[in-house]
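**Student:** These are the residues of each chain, in order.
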Amino acid sequence: MPQRIQVDVKEIESVLNDILSTKFPPVARCRLLSSGFSPGHALNITENIAGHKECIGCGNCIDICPVLAREPHRRDKTEQRTSMALESLVGEDCDLCYACSLVCPQVDTTIKHYIVNCRLVEVMSRLEQRIGDDQEPDLDLFLEEAIDAY
Amino acid sequence: MDFEIPEDLKMVQSLVRDFVHDQLRPLERDILGRAAGLKDAREYLTPETEEKLMKMATDIGLWGLSVPEELGGMGLSILGNCLAEEELAQTIIPFTFGDVTPILFECNAEQKERYFLPHFRRQRQAYIALLEPQDGTGLPNMQTRAVRANSDYVISGRKMSFSRAMDDYFAVVFASTGSEGEGVTCFLVDKDTPGFTVTGGEEVVGWRTQIKAPLSLTFADCKVPAQSVLGQPGEAFQLGKKWLPARRLVRGARCVGVGQRLLEEAKAHVESWQSFGQHLSKRTDVESALADIAVSIHACRLVVHEAAWKADRTMNIRREAAMVKLFATQMLRTVADRMSHVFNGPPYVGGLPMQRLCSDALATTTADLALELQSSIIAGDIMKGLKV
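So the protein lines, in turn, are chains A and B. Read in order, the letters of the first sequence are residues 1 to 150 in this note's numbering. Read in order, the letters of the second sequence are residues 151 to 538 in this note's numbering.
Bound-form chain A, shown alone (with noise of 0.2 Å):
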């Protein structure tokens, strides 16, 4: 959906760095750099909206952000579904995975490029210490338990 021709990264590298380091959904941000909808856009007005970049709250992110899968008790707060929800939502409890970024259509494709090439690997062993903790109990354990009570 954004414009054929989009951000160059290079130019706002230094700030797109900043709000991807910031523990805070990155979306609606990364969606203000990106270019805005494409003269194409697929949406049914007559009005021309080409360069605007609202969030059109189709509501991926809400739905790929894995802090509101662990906790889904979060989302009875809104049934909004936009980015604005996300962030009252999730706030500073973001993983910084960058889903939210790579599902939502504003984001520009140059962005999301970045954020895979350059960020991801980061995340991944960030993400990764989180996967296994030995620590952590395994509730599975005690569902298994209640479920296979004599």
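Calculated from the structure, these hints are not laboratory results. The structure presented is a predicted model; accordingly, all values stated were derived computationally and were not measured.
If we take Cβ atoms under 10 Å as the criterion, some of the chain A residues that face chain B in the derived model are:
(1) L139
(2) D140
(3) E145
(4) D148
Every residue gets a Cβ at the ideal spot worked out from N, C-alpha and C, and that includes glycine.
Once you've looked at the hints, dock chain B against the given chain A.
**Tutor:** Leaving out everything else, chain B in the frame of chain A:
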């Protein structure tokens, strides 16, 4: 590499095998119901029969195999437990050798006398109240809360329990004592505590024995003293840490036992049936199904035994336990599928041992979501660069 089972464990295995064969299997027809339509099928044995079996198991030293010696059990090794459970799983009779959830191994001296020992002797039942009707298995969002009031706690909420109903009981209740679902505490709540009620759990007979309805436990401002906290407040999920991972291996062994019994049933079927003048055992598709079953069982048994061997050497078996659960479930599904090839139709026919064996065994592995968790534990270790 020594694949030989130690002599002492072989003796236990043989003892359990004889017990299952001589005492439990003859009771299967009582449980399944002799009449057509399953109208006299039962969910559990009669109390008299159970008492007789319990006494017999105690006399031959099989009661409390999995319970540590300091708590009055036999303190058998994990491998020994796996061998015993494999044999015990080869019957549909709902009988255990004094199996007690390791969560209760954490009882202090007073709680041991009041709760653990009566439960171990089957005089009092422990209702494990972990799951909640509104949230299913959503443990992090536990709605049942316990609020501190001076030296007491006040518990409010609803729970469901799959434990067997008995006249005398206590509940092992998991309730949230912190904010936002953090800090879960485990309480031991007596039967007659004001505000604690239990519904459901009537004895089920007939075809309805196939349906396991949970007990419904309600706590309406139920006040319990601080002494009823099991372990430390806010650390319910740290309970039984030493023993719980190994329970996954024992359940894996149970799957192996079920598979073994199914293979036995398949063998008896193909030996006794003919079609187009030929024994079923001569048909290539049946041969292939039998071979698949046998290979799956053998592979699963090796996975279980290796993990149990490691557990007995106090090695970390987190990944091995995950592998056992994942593989044992898949193995059992394969075996159930191949059974349908052998029987030329689904083995889930009510009133046959296969049906109960398959459904009971698969129920213990909960759902596919749980299997995904096992996969992520294994994958996590691969990501860390550990050799698999």
